[in-house]
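Novice: Spelled out from the first residue to the last, the chains are:
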Amino acid sequence: MHAQSDPIVGIQGLHKWFGALHVLNAIDLTVASGTRVVVCGPSGSGKSTLIRCINGLESYQEGALRLAGTTLGLDARGTAAARRQTGMVFQSFNLFPHLTVLSNCTLALRRVAGKSRSEAEDIAMAHLERVRIPEKARSYPGQLSGGQQQRVAIARALCLNPRIMLFDEPTSALDPEMIKEVLDVMVALARDGMTMVCVTHEMGFAREVADQVGFMDGGSILDRAPARAFFRTSGHPRSPLSLETILKH
Amino acid sequence: MGFDLAFALSCAPIILGAVGTTLFVAFVSCVGAASIGFLFEMVRRMCGVAGAMSGFAIDFIRSTPVLIWLYFLYFVLPFYGIRLGSMTVGVMGLSLYYSGYLAEVFKAGIDAIPKGQPEAARALSLGRRDTVFYVIAPQMMRNIAAPLGNYFVSILKATPYLAVLAVPEMLGRAFDIASETYRYAEPLVVAGLIFLALALVISYGVKRLERRLLAGGTR
Amino acid sequence: MSLFDIWLGILKGVGTTAAVTAYGLLFAVPFALVFGVGQYLTVGVARLLVTAIIEFWRSSAVIILLFVFYYALPVFGITLSAWTVSAMVLGLNAGGYASQAVRAGLQALPSGQKEAGAALGLSRSAILLLIELPQALVAMSPTFVNTVIQLVKATALVSLVTLSDMTFRAKEIAQVEYNPVAIYTALLLAFFVVCYPIALAGRWLEARIAAPGSRAGGI
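Protein chains in written order, with this note's numbering: chain S, 1 to 249; chain B, 1001 to 1219; chain A, 2001 to 2219.
Source of the hints: derived by calculation from the structure; they are not laboratory data. Mixed in with the good hints there might be a few duds.
[Unchecked claim] Pair by pair, the computed Cβ-Cβ distance ranges are: (1) 2111(A) - 122(S): 43 to 53 Å; (2) 1200(B) - 2003(A): 19 to 29 Å; (3) 2138(A) - 12(S): 32 to 42 Å; (4) 2049(A) - 1210(B): 17 to 27 Å.
All residues carry an ideal CB built from backbone N, CA and C; glycine is no exception.
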């Protein structure tokens, strides 16, 4: 058991190399329970790699990464246990195309959490209603729009009742008119108290729900602050420029 | 001395009498080729000597004609004391030859699955066995269904090669008629048309299957 | 007979193999281009006709096609040498497959290419010859390489209509010398030695085509 005050994610001195490329450079990050962290930055800054490390989808060479009380990277079983408490939403949705929306959500409930079919379907339907898409339960992903698919992906991750949700640029692959429906769901999730780490360009969203904002470039976190301070002034010479350009478009 | 249409029509039922053998040989060879091909591909994905050897075996098979493999097995196996019926040898030859091509089909079918799929499964904490069974395999099956169907047609069109091994399939029947009546044109044309019809009908079925699979929800 | 003698004996047939391949390409390439473009350009009844001709040559079982033309043509009063019949049948069969690659290559071009050509005031045939075909042919050159390999392998069949290619030579040797392992392994190797380098050249071509100007896409 861990104390309520234990951070859900604790990263210290994290380094990662892809061959000779130093993609993550001395990353320190703490995510307390019930808080929202938004990570932004230009392409290639390493922010996607960072969030994928948090979930164990990428390995790291140096440093310490603790997720939900387990140190990742030591053994497979520990990583799997930590992952069960984490939900992840991908930029390209990654819904299973050969399963219905409902089956996408119930698959892990039945195979991992061991729920019976009716239990799993009840839980799945509740979450599909939460993301406001219950009527599409029997449809296939290919029949849905991008925004609908991403909302299903969020519901699918929520079904396992995670302690923390990770979002890897969830709206970057969406047409502009669909971004709002996904962000609305994420804002509602935040208001319900979910711990979240989001990699995103959506600064409006960050301003609304983030407790902490981090700016990454070249593999390092160059600037971080509580949200209000971040949006008023930024310490690092790069960040104001980047924010300005992001907010302008 | 022209083409005797009435005689040709009378050949048809005799030749068609062997269609069961033809289809049986094609089906068993297809299953054999898929099994061996799948194994080849799985081994090829492994690193090291075994993987490289498997890759080379696939390339070797695909660089040689199927007729030669039939001769090879038919004459070499008895040399080592293995005496099998000609149909068995024929099926073995077709399976071996087409396994090289089906290995490539499996490779393409697995490679076509987006990397995000197993990642999403891992993120959902699905174990390896569940990921393969519920996420990877179904998508692989959908990807290979049409190419597999097309190779079934190819294998079907290769079954007449077995006539040189005296297997009682349709071309063999046609030659039987020819050698009895000394009329070659009619039975051969009939056999040719039967195979053409089979190939076209099954190909059309495969195309419809492909359309249905693509409509089943992949954007 | 030593292994070396067997190998040399089989290679005596390589001239025939090469000649039939070359002669066959004389049928395959024009057919593929004409009918591939034809299928791409035509609509309605004309297209059905073009497709029917392509399908006849492509979907027939090639061994039966060879026998049919070899035995049946004389019945209709057409006498051709075994060389011509073989080259024609094997070539048109391969051409049938290649025509699908030509058509697919043309269909895969972005329609903007045609539109740009039309905007420049070029005639339809000019657009086809100067803009569409050059691009499409480059894209499908690996498939043409596969067609050549297919043709080389198919020449093994001509041994069944009395032409002395490598396979025929092998069978001749087999009649005087009981050494099936050496003979048929040598025959497999002979084809491998011819086809594998061509296959590697095809793979190299494929890599070179894919590399520069890789399609934009992917997130």
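Novice: Could you run down the list of hints and mark each one as holding or not?
Specialist: So, going through the hints one by one against the coordinates:
1. 2111(A) - 122(S): 43 to 53 Å: Since residue 2111(A) and residue 122(S) have Cβ atoms about 50 Å apart, the given range 43 to 53 Å holds.
2. 1200(B) - 2003(A): 19 to 29 Å: Once the Cβ atoms are compared, 46 Å apart, the range 19 to 29 Å for residue 2003(A) and residue 1200(B) is violated.
3. 2138(A) - 12(S): 32 to 42 Å: violated, 54 Å
4. 2049(A) - 1210(B): 17 to 27 Å: holds, 25 Å
The structure fails to meet hints 2 and 3 from the earlier list, while all remaining hints are met.
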